[in-house]
Amino acid sequence: MSEPKSPTPTPAGDTYKGWVFKWTNYIKGYQRRWFVLSNGLLSYYRTQAEMGHTCRGTINLATAVISVDDACNFVISNGGAQTYHLKASSEVERQRWITALELAKAKAARMQAESDDSGDDFPSSSLSVGGGQGVGSQNSEVQSTLRTLGSKVEDLSTCNDLISKHGSALQRSLSELDSLRLTGEAGDKIRQVTERATLFRITSNAMINACRDFLALAQTHSKRWQKALQAEREQRVRLEEALEQLAKQHNHLERAFRGAAQAHAIVDNTGATGPRKGEASDEDDDNEFFDAMEEAPEFITVPADPQFHKRSSSNASGLNSDMCADDQSLNEEPLTMNQESPSQELVPLKKRRTRIPDKPNYSLNLWSIMKNCIGKDLSKIPMPVNFNEPISMLQRLSEDLEYHELLDKAAKCHSSLEQMCYVVAFCVSAYSTTVYRTGKPFNPLLGETFELDRQRESGYRSLCEQVSHHPPAAAHHAISERGWTLRQEITVASKFRGKYLSIMPLGTIHAIFEKSNNHYTWKKVTTTVHNIIVGKLWIDQSGEIDIVNHTTGDRCHLKFAPYSYFSRDVARKVTGVVMDKAGKAHYVLSGTWDEKMEFSRVMQSSRGGENGTEGKQKTVYQTLKARELWKRNPLP
1 MSEPKSPTPT
11 PAGDTYKGWV
21 FKWTNYIKGY
31 QRRWFVLSNG
41 LLSYYRTQAE
51 MGHTCRGTIN
61 LATAVISVDD
71 ACNFVISNGG
81 AQTYHLKASS
91 EVERQRWITA
101 LELAKAKAAR
111 MQAESDDSGD
121 DFPSSSLSVG
131 GGQGVGSQNS
141 EVQSTLRTLG
151 SKVEDLSTCN
161 DLISKHGSAL
171 QRSLSELDSL
181 RLTGEAGDKI
191 RQVTERATLF
201 RITSNAMINA
211 CRDFLALAQT
221 HSKRWQKALQ
231 AEREQRVRLE
241 EALEQLAKQH
251 NHLERAFRGA
261 AQAHAIVDNT
271 GATGPRKGEA
281 SDEDDDNEFF
291 DAMEEAPEFI
301 TVPADPQFHK
311 RSSSNASGLN
321 SDMCADDQSL
331 NEEPLTMNQE
341 SPSQELVPLK
351 KRRTRIPDKP
361 NYSLNLWSIM
371 KNCIGKDLSK
381 IPMPVNFNEP
391 ISMLQRLSED
401 LEYHELLDKA
411 AKCHSSLEQM
421 CYVVAFCVSA
431 YSTTVYRTGK
441 PFNPLLGETF
451 ELDRQRESGY
461 RSLCEQVSHH
471 PPAAAHHAIS
481 ERGWTLRQEI
491 TVASKFRGKY
501 LSIMPLGTIH
511 AIFEKSNNHY
521 TWKKVTTTVH
531 NIIVGKLWID
541 QSGEIDIVNH
551 TTGDRCHLKF
561 APYSYFSRDV
571 ARKVTGVVMD
581 KAGKAHYVLS
591 GTWDEKMEFS
601 RVMQSSRGGE
611 NGTEGKQKTV
621 YQTLKARELW
631 KRNPLP
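Reading the sequence shown from the start, the letters are residues 1 to 636 in the UniProt record's numbering.
It should be emphasised that the hints constitute simulated quantities derived from the structure, not laboratory data.
Hints may be right or wrong, so weigh each one.
[Claimed, not checked] Think about it this way: if two alpha-carbon atoms lie no more than 25 Å apart in a straight line, the pair counts; the simulated SDA-like pairs of lysine to any residue are:
| no. | residue 1 | residue 2 |
| --- | --- | --- |
| 1 | LYS165 | ALA197 |
| 2 | LYS350 | PRO390 |
| 3 | LYS495 | PRO471 |
| 4 | LYS581 | ILE512 |
| 5 | LYS412 | THR220 |
| 6 | LYS28 | THR47 |
| 7 | LYS573 | LYS625 |
| 8 | LYS107 | LYS28 |
| 9 | LYS581 | PHE299 |
| 10 | LYS412 | GLU598 |
| 11 | LYS350 | PHE299 |
| 12 | LYS17 | ARG56 |
| 13 | LYS107 | LYS165 |
| 14 | LYS495 | GLY553 |
| 15 | LYS523 | ALA493 |
| 16 | LYS440 | VAL385 |
| 17 | LYS584 | ASN531 |
| 18 | LYS499 | VAL385 |
| 19 | LYS499 | LYS573 |
| 20 | LYS584 | GLU628 |
| 21 | LYS515 | GLY553 |
| 22 | LYS596 | THR623 |
| 23 | LYS495 | ALA473 |
| 24 | LYS573 | LYS596 |
| 25 | LYS87 | THR63 |
| 26 | LYS87 | THR148 |
| 27 | LYS618 | ILE545 |
| 28 | LYS17 | ASN251 |
| 29 | LYS499 | GLU598 |
| 30 | LYS107 | LEU174 |
| 31 | LYS22 | LYS87 |
| 32 | LYS499 | ASN531 |
| 33 | LYS350 | GLY459 |
| 34 | LYS523 | LYS625 |
| 35 | LYS351 | ASP408 |
| 36 | LYS17 | MET207 |
| 37 | LYS17 | ILE208 |
[Said to hold, decoys possible] FRET-style restraints, in silico, Cβ to Cβ:
| no. | residue 1 | residue 2 | range |
| --- | --- | --- | --- |
| 38 | ILE163 | ARG56 | 31 to 37 Å |
| 39 | ALA571 | ARG487 | 30 to 36 Å |
| 40 | VAL193 | THR145 | 42 to 48 Å |
From the three backbone atoms N, C-alpha and C, an ideal C-beta is built for every residue, glycine too.
Construct the entire structure; sequences and hints are all you get.
Right under this line is the structure:
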């Protein structure tokens with residue numbers, strides 16, 4: 001050991017070098033080799049001169065086991081393939097190597113774990129769009145700095161553990177020294193205490209150096225980060241100023257464009273075609289229900305006697321006295337507005353498309369996605385994109401206005417009971433296309449809006465906004481030049497029940513007519529999406545709602561019959577009775593929510609002899625001939 005030895009860095013450094021005796025074989029025994037510890041790898045050479053060209057062996061410390069045999073010997077093994085039996089010149093030298101090897105092993109294990117965890121993250125963060133290469137390089141620099149700081153912190157933690165370990169050993173040695181009597185063993189114990197104190201001092205120095213490196217690195221990068229933050233703030237101010245200038249220019253150009261477009265439209269507006277109405281739809285809503293046996297209807301309608309008006313009974317005369325001038329118009333024609341003169345018709349300013357692209361035919365196994373989501377809210381279930389239809393929920397909600405002419409007719413009615421019939425038809429018409437549309441609209445962003453301007457063609461303008469994200473909620477407001485206003489606030493509660501999906505609406509729809517000041521409110525019924533597990537998806541509407549005129553007290557109880565395999569009634573059936581404030585029936589409505597609705601004027605009502613399913617007597621209504629109130633438009 002008289003040969004000069006190169007200076008060895010502290011164990012907290014990145015590289016450790018020195019001479020160590022390595023066991024070769026039984027003939028030569030231990031031979032001196034030059035060992036280099038760097039980047040989690042322990043390599044050895046015969047001489048220092050071989051470092052540039054010939055490495056005799058390397059072992060990875062990330063998976064290695066380090067054990068101590070006696071005062072100077074220690075063993076490094078990676079599980080059997082490689083095993084180094086090493087011997088240091090002294091116990092102090094051996095402890096220096098053990099400390100350095102433990103630090104390098106901890107660091108190598110951390111680096112391997114980070115590379116495994118972040119293998120999928122860092123490539124994605126380095127992707128840039130447009131001119132984002134600078135941002136990607138800054139992100140990589142920040143990540144590299146954070147990893148370095150984390151490594152230094154782990155070094156401090158490892159050194160702290162070693163200090164605790166050596167401090168405990170030193171304390172035990174001191175205790176043994178105190179318990180000794182003055183014998184010949186005193187000299188040996190004193191030397192042992194001295195060696196352990198030296199080891200403790202070496203480890204403490206390593207921790208101090210690691211702390212110094214960590215502090216210097218943190219101070220250096222702190223200044224750089226402060227400068228970068230200040231530069232980003234200045235750049236943001238410049239961008240805000242530029243954006244403000246662009247907004248002013250955009251507004252100026254938009255005003256100029258509108259003026260030119262209006263002038264052009266006045267000159268050339270004869271070749272446009274009528275607007276195509278959007279597909280009406282309603283936000284799907286549903287709650288849990290079960291198929292039931294056929295249920296008896298709540299009322300029975302029978303045709304009225306043609307000579308009914310000539311009866312002299314008190315009941316008939318009372319009904320005749322209730323009939324007003326508009327009853328005569330009911331016998332002659334359905335509840336319709338007067339035909340507008342051709343001069344009042346609005347010519348649209350632009351052509352609208354007559355078809356949309358076909359839906360892609362992608363196979364979709366919903367059960368594989370939703371089998372682990374039973375009982376969860378729909379907003380918490382991740383869905384594949386091809387399960388959606390390519391519109392926003394705000395646009396889907398605006399499609400309720402497809403049959404806006406029903407509200408136009410209602411605004412012209414003089415009787416609030418007639419008006420109620422049209423409002424009921426409008427309520428049902430919102431579901432006309434849901435039977436064909438099993439796709440889910442995209443969830444809007446918070447604050448997103450959708451505007452539908454049909455003032456020139458149909459006299460109304462609609463605006464929807466997403467006002468809440470969790471839970472999703474939208475506000476809708478539509479106003480018409482033809483005397484009505486519609487508003488609604490819709491949020492949904494949904495559950496996946498396994499075989500079907502339940503979407504339950506929470507919100508109220510308001511319709512207000514200016515001329516009569518009548519204010520109507522109603523809610524949406526529930527919707528069920530069936531065959532989630534297997535089969536073709538299909539949708540059903542079910543439930544009961546009340547449409548109420550808060551001004552006059554008129555009410556219509558509307559029932560959407562759920563689909564039942566055992567029922568003989570027509571599928572998707574809707575029935576309702578329009579009653580005044582006193583509970584007297586005036587109109588009976590019937591039809592299906594996907595095809596049409598009809599109304600019949602009630603001439604007389606009485607309690608029937610048969611009992612309903614719950615022991616109640618059914619009401620029998622004598623009505624005039626049924627007339628069509630609403631019919632679905634052909635699908636585009």
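Practice prompt. Compare the distance between the alpha carbons of LYS440 and VAL385 with 25 Å, and conclude whether the hinted pair is satisfied.
Written response: Given pair LYS440, VAL385 holds - Cα atoms ~9 Å apart, limit 25 Å.
Practice prompt. Quickly compare the C-alpha distance for LYS412 and GLU598 to 25 Å and report which way the hint goes.
Written response: OK: LYS412 and GLU598 at ~19 Å, within 25 Å.
Fill in: Restraint check for LYS87 with THR148, where alpha carbons must lie at most 25 Å apart
violated, 33 Å
Worksheet item: Does the alpha-carbon distance linking LYS515 and GLY553 stay inside the 25 Å limit?
Response: holds, 17 Å
Discussion item. Just to be careful, I want the Cα atoms of LYS495 and GLY553 compared with a cutoff of 25 Å; is the pair within it?
Written reply: At roughly 35 Å apart (the allowed maximum being 25 Å), GLY553 and LYS495 break the hint.
Item to complete: Could you check the hint for me, namely that ALA571 and ARG487 are 30 to 36 Å apart, CB to CB?
Response: Given about 32 Å between the Cβ atoms, the range holds.
Worksheet item: Under the criterion that the straight-line Cα-Cα distance not exceed 25 Å, is the pair LYS107, LYS165 satisfied?
Response: holds, 19 Å
Discussion item. Tell me if the straight-line CA distance from LYS523 to ALA493 falls inside 25 Å.
Written reply: holds, 14 Å
Practice prompt. Mind checking the alpha carbons of LYS107 and LYS28 for me, to see if they're no more than 25 Å apart?
Written response: Violated: LYS107 and LYS28 sit about 35 Å apart, past 25 Å.
Worksheet item: Given the hint that LYS596 pairs with THR623, does the C-alpha gap stay at or below 25 Å?
Response: At roughly 19 Å apart (the allowed maximum being 25 Å), THR623 and LYS596 satisfy the hint.
Practice prompt. Kindly confirm whether 42 to 48 Å is satisfied by the beta carbon distance between VAL193 and THR145.
Written response: Taking Cβ atoms as reference, VAL193 and THR145 lie about 43 Å apart, which means the hint holds.
Discussion item. For a C-alpha distance cap of 25 Å, please report whether LYS523 and LYS625 respect it.
Written reply: violated, 30 Å
In summary, the numbered hints that this structure violates are 5, 8, 11, 14, 17, 26, 28, 29, 30 and 34.
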